[in-house]
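All chains, please: the whole structure from these sequences, using the hints.
Spelled out, the chains give:
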Amino acid sequence: MSIDDRDEELVRRTLAGDAMAYASLVRRHRRAALARALAIVGDTFEAEDVAQDSFVQGYEQLATLRDHARFGTWLLTIVHRRSLNALRSARRRRAVDLDDAIPDGAANTASDVVDATHRSRAALLAALASLSPVQRTVVLLADLEEWPHDRIAATVGCSVVMSRRHLSDARRRLRELLTQEERR
Amino acid sequence: MTADHSDNTDIEARATLRALDPDLDAGASERFVSAVMSRVALVGAPASIPTDPLYGLWSLPRPLLLAASFLALAAIGAAAGMRRGRDAAPATIADATGVPRVFLATGATRP
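In order, the protein sequence lines correspond to chains A and B. Counting in the working numbering, the first sequence runs from 173 upward without gaps. Counting in the working numbering, the second sequence runs from 1142 upward without gaps.
The hints are simulated quantities; they were obtained by calculation from the structure and are not laboratory data. You may find that some hints are simply not true.
[Stated by the list, open to error] Selected chain B positions facing chain A (Cβ under 7 Å, derived; list incomplete):
(1) 1160
(2) 1163
(3) 1174
(4) 1180
(5) 1181
(6) 1184
(7) 1187
(8) 1211
(9) 1214
No residue lacks a Cβ here, since even glycine has one placed at the ideal position from N, Cα and C.
Written out as structure tokens, the structure reads:
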């Protein structure tokens, strides 16, 4: 049974009133939703909020989904829309500052594992921020979620060839930026 | 979700994005699911499946539906045209050639 076959069954059960089926859908698509949101909003906490909101909206509007097997793709379009809205709101509130991801005093406690994680996350987010939104999405889906290019291309709306090119460019750029960061 | 059918076999090394892995914290997944499901519980059941008997019809490709509509309209138009043509046709040869009715009346005399 493929991913989409199982989605179809889970959507059908959810619409029949089985809430646990929707919990399974959330579990199955959570990582992809988070990656898609992160690629746009550039902040892990904001991405988590957006992904949660998207799943709730998906539940509310589930009956409007015509092809139940396409739940994953449908959900990611909701995530995409909500991420753009969140980004616009965030820009209105404040200028985006990825350094916010580093807690105060983190630089003085580099040996601490938690802070080191925060620092490397902040460095990664800063490097990702220098990529185009499409490159960010492609590299996150390919290298974090291990999606194949045909699936990435269908999600992003480009050809497989372009997906490969975006990935190659994104990896090169990330390597350059992270190497510079390490040398500092 | 980690796909088990990856063709992502580019020769160059993958970017190391582990610091962004949402499952670095083991309980993150279940916390996320719980948060969503608690909000979903407040929403109530999703709207029921539409009972419209033509519901499935709307999922047909739109061009097909449009083409079918045009064909149906053309057929109706052609049928109406044929009917009008039949109604307007002359009943006799005299009608068709425009002979005045006065000459056709039974027992008619010349004025």
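Results for each hint:
For residue 1160 of chain B, the suggested interface contact is upheld, since its CB lies about 4 Å from the closest CB of chain A, less than 7 Å. At about 5 Å, the closest approach between the beta carbon of residue 1163 of chain B and any beta carbon in chain A falls short of 7 Å, and the interface hint on this residue holds. For residue 1174 of chain B, the interface hint holds, since its Cβ comes within 7 Å of a Cβ in chain A; the closest pair sits about 5 Å apart. Checking residue 1180 of chain B against chain A: minimum C-beta separation of about 5 Å stays under 7 Å; hint holds.
For residue 1181 of chain B, the interface hint holds, since its Cβ comes within 7 Å of a Cβ in chain A; the closest pair sits about 5 Å apart. Of the supplied interface hints, the one on residue 1184 of chain B holds, with its beta-carbon coming within about 6 Å of a beta-carbon of chain A, less than 7 Å. With 7 Å as the threshold, the beta carbon of residue 1187 of chain B comes within range of chain A, its nearest partner Cβ sitting at about 4 Å, so the hint holds. Restraint check, residue 1211 of chain B versus chain A: the minimum CB separation of about 24 Å is more than 7 Å; hint violated.
The restraint placing residue 1214 of chain B at the interface with chain A is violated, with a minimum CB-CB distance near 26 Å, outside the 7 Å limit.
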